[in-house]
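A.B. asks: Residues per chain, in single letters:
Number of protein chains: 2
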Amino acid sequence: MFKTELCDLLGIEYPIIQGGMVWVSFHELCAAVSEAGGLGMLAGGSMMPDELKEQIRLVREKTRKPFGVNIPILYPHSGDLVDVCVEEGVSVVSTSAGNPKKFTGRMQEAGIKVMHVSPSVTLATKAEAAGVDVVVAEGIEAGGHDGFEEITTMSLVPQVVDKVKVPVVAAGGIADSRGFIAAMALGARGVQIGTRFAATHEAQGHERFKEAIVRATDSGTVITGRALGPTRCIRNQLTEEILAAEGKGATRDQLLELIGFGRSKRATLEGDVETGTIYCGQIAGLIGGLKSVAQVIEEIVGGAGPVLDRLRGATGR
Amino acid sequence: MFKTELCDLLGIEYPIIQGGMVWVSFHELCAAVSEAGGLGMLAGGSMMPDELKEQIRLVREKTRKPFGVNIPILYPHSGDLVDVCVEEGVSVVSTSAGNPKKFTGRMQEAGIKVMHVSPSVTLATKAEAAGVDVVVAEGIEAGGHDGFEEITTMSLVPQVVDKVKVPVVAAGGIADSRGFIAAMALGARGVQIGTRFAATHEAQGHERFKEAIVRATDSGTVITGRALGPTRCIRNQLTEEILAAEGKGATRDQLLELIGFGRSKRATLEGDVETGTIYCGQIAGLIGGLKSVAQVIEEIVGGAGPVLDRLRGATGR
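In order, the protein sequences belong to chains A and B.
Going by our numbering, the first sequence opens with residue 191, and the numbers climb by one from there.
Going by our numbering, the second sequence opens with residue 191, and the numbers climb by one from there.
Just so you know, the hints here were simulated from the structure itself, not pulled from any lab data.
Accuracy of the hints is not assured; some may be wrong.
Claimed, not checked - Now the stretches of chain B that chain A is said to cover, found in silico as 3 or more residues with beta-carbon under 8 Å:
1. 342-349
2. 435-449
To be verified - Cut-off 27 Å, straight-line C-alpha distance, at most; resulting in silico cross-link-like pairs (DSS-like, lysine-lysine):
3. A:481 to B:353
4. B:255 to B:481
5. B:438 to A:438
What the hints assert, rightly or not - Incomplete in silico selection of chain A near chain B, CB under 8 Å:
6. 191
7. 194
8. 311
9. 345
10. 346
11. 369
12. 371
13. 375
14. 437
15. 473
16. 493
17. 495
18. 504
19. 506
Virtual Cβ for every residue (Gly too), placed ideally from N, Cα, C.
Bound-form chain A, shown alone (with noise of 0.2 Å):
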């Protein structure tokens, strides 16, 4: 077992939150997450409110324990998509790129736990002021959209922790036992992994996309964008383009007009992983095939253990 105040907070087991990701989060991943002891998360940001609905009634089908649905406040339906948690009792939403003032009053009104995703010091605590009642703290390494400031969560996670009294979720740059220790080290009540779930059979996706992320080292992540919002993908023909536009001081409508629509849903759905964006972390390098979801859990939870004792023997005690 491993169990933190988040777990009694959000009626999960393990303090193992399952990253939200666009095109990939749907109703078989969520369901698998919170079956086997996390909290599963469906992706708000790549589906209309109807869609939403749908998946929720679909995770019900196969999980009676709690899940969660991210939402991008600034999207434009975002309101629609708070109404549909509101009116199925979602348990939990995580709220990210945006204000969260806007939602959160009127989602704990309705019952619902509110997290929100914040990439600095300053954005944690003003989640905190906008009362929501946990803090994920994502660094740089993450997959997807990334702060401005590029903190790292090695870096962030401890600074957030000494700021705010909520507590803190840790995301970006965890896939295995060894992360989610670090993680707990650093003063987390909790982690959330994207990249790692991404790759396990449950995950939506095409194979395609999943074996970029399996065959991803390192260094094969990069971040483009930094003057629009940053976003880390798996390095391609589309993020050389984007990257050698920007060296050469491309202005951000021109960066606009090549980056265009539709490139994430083009890799991750269609399988086209030279002209469509692979949102990927930086720890896909240490992921070494697919797995299921049931298998990711354990190994992490069953891992920590051993960890640990590494690192009692380390003081002789």
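Dock chain B against chain A, hints included.
C.D. replies: Just chain B now, kept in the frame of chain A:
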């Protein structure tokens, strides 16, 4: 106590190495760290051979314990610095910024233990192939010169540990017992700490340089020179100018002309913290004031037990 095989290998009490920081790591700091049970290091990168010889003698007036020297391999006089270390019988040399094949054999024949600073798995395995005794896996959160791949400590350390057989030391983002235990959980056998030791009474450096570190928040540092060789330093007038030029697509030559020479000395020794370069790690936000070296080391080692007790509590064992 906290003891790993690194302690036996280097003849030190605690697996804590002080980074060899240019203009900062002179005899007072180096001797104080070694006397307190860690491994002090002189910064060969800001010394000519005669000065290094003198500094080694000054360290030996203060301590009989082992200490080390950092040598950037690419420097024109690096071979002369190696000669000094061999002649003076220095225990440990850490090399960085260059090919570890160049000096490793010669130093080891003279009984010197060689560590090589490696910011990626590829460079770590090359260092091992060159025969080094220890690999220092340094993440992008570290101050000063960082790797082109910008891999974070959390991502890098376990990936390096899985690929090399020699002991791995974690560097970047570590300033207290939480970071120390986190690094050990990731599989490191020791830590290298820079910025926290720069903010000590014994470090060489202008009052305004040390104040800048203490004042910096989690988002107070920035990477500049991505095209030349990334360096992390505190945001100031100079970094704004460099970032503006980079954003406009400045060429390598234009950037080199803008930056010029002697910027680090200007900030560190002369106290010009606006047009000088203040090398500093991202963990600076955790540093609330200057301390003595002995206090820093006592707090890290003394705090390790409570961190482990908290983790063990979560397992219910």
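A.B. asks: Are residue 437 (chain A) and chain B close enough, Cβ to Cβ, to be under 8 Å, as the hint says?
C.D. replies: At about 6 Å, which falls below the 8 Å cut-off, the nearest Cβ of chain B leaves the hint on residue 437 (chain A) intact, so it holds.
A.B. asks: Verify the interface restraint on residue 345 (chain A): the C-beta must sit less than 8 Å from at least one C-beta of chain B.
C.D. replies: holds, 4 Å
A.B. asks: Regarding the hint that residue 493 (chain A) lies at the interface with chain B, is the smallest CB-CB distance below 8 Å?
C.D. replies: violated, 11 Å
A.B. asks: Taking 8 Å as the Cβ threshold, is the statement that the region 435-449 of chain B is covered by chain A upheld or broken by the three-residue rule?
C.D. replies: holds (count 3)
A.B. asks: Does the nearest C-beta of chain B fall within a distance shorter than 8 Å of the C-beta of residue 506 (chain A)?
C.D. replies: holds, 5 Å
A.B. asks: Checking hints one by one. Is residue 191 (chain A) an interface residue toward chain B, by the C-beta closer than 8 Å rule?
C.D. replies: Since chain B brings a Cβ to about 5 Å from residue 191 (chain A), closer than 8 Å, the hint holds.
A.B. asks: Does the CB of residue 371 (chain A) sit less than 8 Å away from some CB of chain B?
C.D. replies: Holds: closest Cβ of chain B sits about 4 Å from residue 371 (chain A), inside 8 Å.
A.B. asks: Double-check residue 504 (chain A) for me: the hint is only fine if its C-beta lies closer than 8 Å to a C-beta in chain B.
C.D. replies: It holds, given that the least Cβ distance between residue 504 (chain A) and chain B is near 5 Å, below 8 Å.
A.B. asks: Per the CB criterion, is residue 311 (chain A) less than 8 Å away from chain B?
C.D. replies: holds, 5 Å
A.B. asks: Given the hint that residue 438 (chain B) pairs with residue 438 (chain A), test it: the Cα-Cα distance must not exceed 27 Å.
C.D. replies: holds, 7 Å
A.B. asks: Against chain B, is residue 473 (chain A) within 8 Å by beta-carbon distance?
C.D. replies: holds, 5 Å
A.B. asks: Three residues or more, CB to CB closer than 8 Å: is that satisfied between the region 342-349 of chain B and chain A?
C.D. replies: holds (count 7)
Hint 16 alone, counting from the list given before, is not met by this structure.
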